[in-house]
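Residue numbers (my numbering), protein chains in the order written: chain R, 1 to 407; chain V, 1001 to 1245.
Source of the hints: derived by calculation from the structure; they are not laboratory data. Where a beta carbon is used, it is the ideal one built from N, C-alpha and C, also for glycine. Among the hints, erroneous ones may be present.
[Claimed, not checked] What follows is a set of in silico ranges between Cβ atoms, one per label pair, in the way DEER data are often shown:
| # | chain 1 | residue 1 | chain 2 | residue 2 | range |
| --- | --- | --- | --- | --- | --- |
| 1 | R | Arg327 | V | Pro1096 | 21 to 29 Å |
| 2 | V | Thr1058 | R | Ile287 | 50 to 58 Å |
| 3 | V | Asn1073 | R | Val382 | 29 to 37 Å |
| 4 | R | Ile287 | V | Ser1143 | 56 to 64 Å |
| 5 | R | His280 | V | Gly1112 | 23 to 31 Å |
| 6 | V | Asp1065 | R | Arg326 | 50 to 58 Å |
| 7 | V | Ala1140 | R | Ser306 | 23 to 31 Å |
| 8 | V | Ser1143 | R | Asp361 | 58 to 66 Å |
| 9 | V | Gly1071 | R | Arg326 | 37 to 45 Å |
| 10 | R | Thr289 | V | Thr1058 | 50 to 58 Å |
| 11 | V | Arg1134 | R | Leu7 | 16 to 24 Å |
| 12 | V | Arg1134 | R | Asp361 | 53 to 61 Å |
| 13 | V | Gln1083 | R | Thr289 | 27 to 35 Å |
[Said to hold, decoys possible] Non-contacting residues of chain V with respect to chain R, defined by C-beta distances greater than 12 Å in every case (computed):
| # | residue |
| --- | --- |
| 14 | Val1016 |
| 15 | Ser1059 |
| 16 | Val1063 |
| 17 | Ser1070 |
| 18 | Asn1075 |
| 19 | Asp1097 |
| 20 | Asp1099 |
| 21 | Ala1116 |
| 22 | Gly1145 |
| 23 | Arg1154 |
| 24 | Leu1183 |
| 25 | Gly1191 |
[Unchecked claim] Heads up, incomplete: computed chain V residues facing chain R, CB under 10 Å, no partners named:
| # | residue |
| --- | --- |
| 26 | Leu1053 |
| 27 | Asp1065 |
| 28 | Leu1067 |
| 29 | Gly1071 |
| 30 | Pro1096 |
| 31 | Asp1102 |
| 32 | Val1106 |
| 33 | Arg1111 |
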Amino acid sequence: MPIRPILSALLRNKTGAVLLVLQIAITMAVIVNAAFIVSQRLAKMNRDPGFDVPNMIAFQSWGFGADYNHEVAVKEDTDYLASLPGVLGVTTTASLPLSNSGSANTFAATGEEFDEAGADTPEIVANTYVMNEQVLDALGVELVAGRTFYPEEVSYRTPQHSSFAPSVIMTRDLAIETYGTEDALGKTLYDGLGNPAEVVGIIENMQGAWVDWDDLTHVLLMPGIAAGPFLRYIVRVEPGRRDEVMRVIEETLPARNSERMIRRIQPFTEIVARSYRRDHSMTILLIATVIMLVSITSLGIIGLASFAVRQRTKQIGTRRAIGATRRDILGYFMVENWLVTTGGVLLGALLTVAVNMWLVDAYSLEKLDWAYIPAGVLILWVLGQLAVLVPAIRASGIAPAIATRTV
Amino acid sequence: MLSMQHISKVYRTELVETHALRDFSLEVNDGEFVAVTGPSGSGKTTFLNIAGLLESFTSGTYVLDGLDVSGLNDNERSRIRNQKIGFIFQSFNLIPDLDLFDNVDVPLRYRGLKAADRKERIHNALETVGLASRMKHLPAQLSGGQQQRVAIARALAGDPHFLLADEPTGNLDSLMARQVLDLLQEINEKGTTIIMVTHDAELARRAHRNVQVLDGQVTDLEAPDSHPLTVAVDNDAADNLSAGA
Ligand SMILES: Nc1ncnc2c1ncn2[C@@H]1O[C@H](COP(=O)(O)OP(=O)(O)OP(=O)(O)O)[C@@H](O)[C@H]1O
Ligand SMILES: [Mg+2]
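Bound-form chain V, shown alone:
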């Protein structure tokens, strides 16, 4: 369970203050698959970074699995990222000098798991994404879709509660995008909560619930003047929507 109340995020540079999020409130229940949409610069990535403890926020409260995260220090945040959260990035972010096995191994080592345990998890995760046979390949030897599947395996191997994905299909053609989404759906059906930022309305429609971010706030999808995209992606999960602002 993820609960953000009245979160604001201000980026300050010498000259400008950017209010990337303002009075942002959202709850995501365990097992949900939430798609986050919104125009460029609206604050989607900022939200995801705060949700994933990659960045701190300026004000508001954020409770993750019953834990108020605002008081955590850097090490504790690292540990929670490692244990509870799996990240999937638009440009895959695999480590180019490590083979697939070692890439999936990275977060497991940070968790300090024993070699045998790690090995089993890596095999299972790569099996799940259908790349177990290519364990010794380097990322550069794979297609984009395959690389993203490895990234999913890496996120999955640690058994996270939450899978956070920022435009996971943004660098993929539509066929590969669909495959990746099939995979995410499969993972969600097994119980992992997924929050996915996407520009693709068709893919967003496959989530339980769509959240639209406009100008740093969650907008009500039922509002008549909402973004055309949100009308298109409105679906049966709409009751779950945080009324937000």
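Here chain R stands alone, though its shape is the one from the complex:
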């Protein structure tokens, strides 16, 4: 297909084409950046949490009665829950992972820094959870070394307690961060007051509380039972039995103790979904924007091409009369569109980078993966060709007799 005469005809008639080039460029800049952000959000939401989210249930227990005995209530409820068919593990906790709320503390690999000021041992920040000896089963985390807590290590904590813990389990990421190696079994971890604890278990992975936190996988598990009267339970069940067990809990647990209230029994997936709500709605907003822009641009292409076909009816008939085949006419409009789109994507590539630089600067988003640009070019080329197809086919159907029949 001859490009030069199509291009020179296009350049002599450029208002519509220039507007379309701009529209395509803007579309490209927006959709490429949006697609990049969406892919990042999706990747963020699809990170491996390290624990068994789909098969977990969480709820709150609030001891409000005058005769509420925290230790007794917790022991009875834990044992009861563990005895339910399909339940793999039960633990209490003050806060839930991936709930966007929790607590973090500072730790160190050596005790020295507490003796002499300015010691260069880095301070480690970890998201901490106080859980019982069923912790590994209740979360479904993968133990790569060591053991779970012994029951005797699990003590009832008071709000004022100041002691550390006899033993801790940490994620591999935290071990590497703290000791420079995942081979941390048996090492000593010091809390902010210089109290030591032994590392008795390393787990492959577990995400902590805050989905936007850079150190999301720096998680430390400590043996214990959170102080009352308010605490939460995590119950993990066999795959496929979550809703069934949830119903049983709803129907039987509250009545077992009238001194405490059971609230907000919910699948863990809901808790995680709520934490990612902003990412989720941002993703949907961006996808909607992309769809809208792509539609508008497609309509723009269709509109301009249809206008051109109508305007050039006689010219097309003349071309047919002097030897163009239908395919030649179809090709003419396809090539013309391809030229306009190419102009658009070239400008669009620059604009895409500029928009990304601005986003990086203003919203500290990540720098665009360059591979998104050729992908955007390809998509817009295909989009343009598809959009122009209908008017181009209409053009190719114009009868050659038009050449003599119109004035």
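Fit chain V with the ligands to the given chain R structure using the hints.
Just chain V with the ligands now, kept in the frame of chain R:
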């Protein structure tokens, strides 16, 4: 050689059937210059469109250079138009966004000729019509007569056997019309068969033969009750006339 036998053409719309041609028979020999005349609506353009493979016909046979064209598909018809036929239109039909060079180039590209060959043909054709120096001009920068000469160059560049012209001088004043006709005559003398529809009796007289179309049929010019115009344009080529109907 162009031979039409008993061609009919019916245009059908929802409400009416128009018999634009009926039992239309005509032979045109190689090298002839035929002028087609007749009143408005008589079917001249319809004939020319069928002759030039721009339209199909309803019944009859049409043999062009020994080829029965009725069985050709759209692509084959395009190819024959491109290779054998040159068209000249009343309103020139140049492509306004292309300069003269590119306008003449259009049919040559459809034929798939090499750039050097095309360039030579374009130069020669524009030379023939006396516009080689204005190759880079746009059609709008030319007078009507000049534009029609460019259209002739475009038709000529492909070395057609047949040049079909529908009122080529209809939009031109008489001086320019005469110039265009001089050019056509020159081209015909070099061997190209020309069929020209015209209203202008004086111009028609310059053809070898006049064919009058009345009501979709070729009429016998020697018939006593023929159109006054045909008496005026009767000339020495009259023996070549198809007796038609
Ligand atoms: N596409 C069409 N559909 C329906 N009828 C048509 C069509 N084209 C032509 N006709 C009719 O066919 C008849 C012959 O038309 P044609 O254009 O061949 O006449 P003409 O001799 O060229 O006239 P003029 O001198 O005005 O150009 C006319 O009655 C015309 O209205
Ligand atoms: Mg006509």
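query = What are the numbers of the hints the structure violates, in ascending order?
reply = Result: hints 5, 6, 9, 13, 18, 19, 20, 23, 27, 28 and 29 break, sorted rising.
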